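Participant: Listed below, chain by chain, are the residues.
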Amino acid sequence: NAGVTQTPKFQVLKTGQSMTLQCAQDMNHNSMYWYRQDPGMGLRLIYYSASEGTTDKGEVPNGYNVSRLNKREFSLRLESAAPSQTSVYFCASSEYRARGNQPQHFGDGTRLSIL
Amino acid sequence: AQTVTQSQPEMSVQEAETVTLSCTYDTSESDYYLFWYKQPPSRQMILVIRQEAYKQQNATENRFSVNFQKAAKSFSLKISDSQLGDAAMYFCATNPISNFGNEKLTFGTGTRLTIIP
Chain A
1 NAGVTQTPKF
11 QVLKTGQSMT
21 LQCAQDMNHN
31 SMYWYRQDPG
41 MGLRLIYYSA
51 SEGTTDKGEV
61 PNGYNVSRLN
71 KREFSLRLES
81 AAPSQTSVYF
91 CASSEYRARG
101 NQPQHFGDGT
111 RLSIL
Chain B
1 AQTVTQSQPE
11 MSVQEAETVT
21 LSCTYDTSES
31 DYYLFWYKQP
41 PSRQMILVIR
51 QEAYKQQNAT
61 ENRFSVNFQK
71 AAKSFSLKIS
81 DSQLGDAAMY
91 FCATNPISNF
101 GNEKLTFGTG
111 TRLTIIP
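As they're listed, the protein sequences go chains A and B.
Counting in our numbering, the first sequence tops out at residue 115, every number present.
Counting in our numbering, the second sequence tops out at residue 117, every number present.
These aren't lab readings, by the way, just hints derived from the structure by calculation.
Among the clues, some could well be false.
[Claimed, not checked] Listed below are the simulated DMTMM-like cross-link pairs for lysine to aspartate or glutamate, each with C-alpha atoms no more than 25 Å apart in a straight line:
1) Lys73/B to Glu59/A
2) Lys73/B to Glu10/B
3) Lys104/B to Glu52/A
4) Lys104/B to Asp38/A
5) Lys73/B to Asp26/B
Given the structure is predicted, the values throughout are model-derived calculations rather than measurements.
All chains, full assembly: derive it from the sequences and hints.
Facilitator: Structure representation (structure tokens):
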């Protein structure tokens, strides 16, 4: 079972470059999420998608865009990377049930460094 | 809005002993979940245990149990018979239960647990 797959695992960018982080899940989940994790902090939600065709901002959306390409895939794009976006990025997915979503399943993360 | 506070940046415990990690939270939601996630050095986020706020009974998963005090907004994690593989960052988190499938997790800053052989 692959679960949630993120690519790439590591990336180094220069300030101003653009980059798309890819995420795919094979669990047929409706909801998908992008988080960032900075040292000394917990994960913070960037964007989420409750279902195919919908996306919404989370806590820290500035500087990012997302695309829910289909039910499986949810990408995160940095149009003009800044050093403040150096972080570890996690994608997650979950399935909706009658009493809310089941726990989120996380990918292994992408470590992104902006020089 | 929700906030989660973990006041212990680091904890250590002897192998086979018991340790309790603290978490307090604040939420305006009437119905919500609480979670403990484990993040080992491999960086994976692994669900340890989940508690529904409307359930008074504390959740238990093998060696892991919680002490959920709803009025005090406290949600501590007890690890019994600590093992070397328990060494990790532990994050407390919460999300409201919605009917739309768009539940957003709010995390604490984590507690680094070290197991002493």
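Participant: Confirm or reject each hint.
Facilitator: Hints versus structure:
A C-alpha spacing of about 22 Å is found between lysine 73/B and glutamate 59/A, which places the hinted pair at or below 25 Å, so the restraint holds. With a C-alpha separation of about 21 Å, the suggested pair lysine 73/B and glutamate 10/B falls inside the 25 Å cut-off, and the hint holds. Straight-line distance between C-alpha atoms of lysine 104/B and glutamate 52/A comes to about 17 Å, which keeps the hinted pair within the 25 Å bound. With a CA separation close to 18 Å, the supplied pair lysine 104/B and aspartate 38/A stays within the 25 Å bound.
In summary, the hint linking lysine 73/B to aspartate 26/B is supported, as the alpha carbons are separated by about 7 Å, within the 25 Å threshold.
Hint compliance for this structure: every hint is met.
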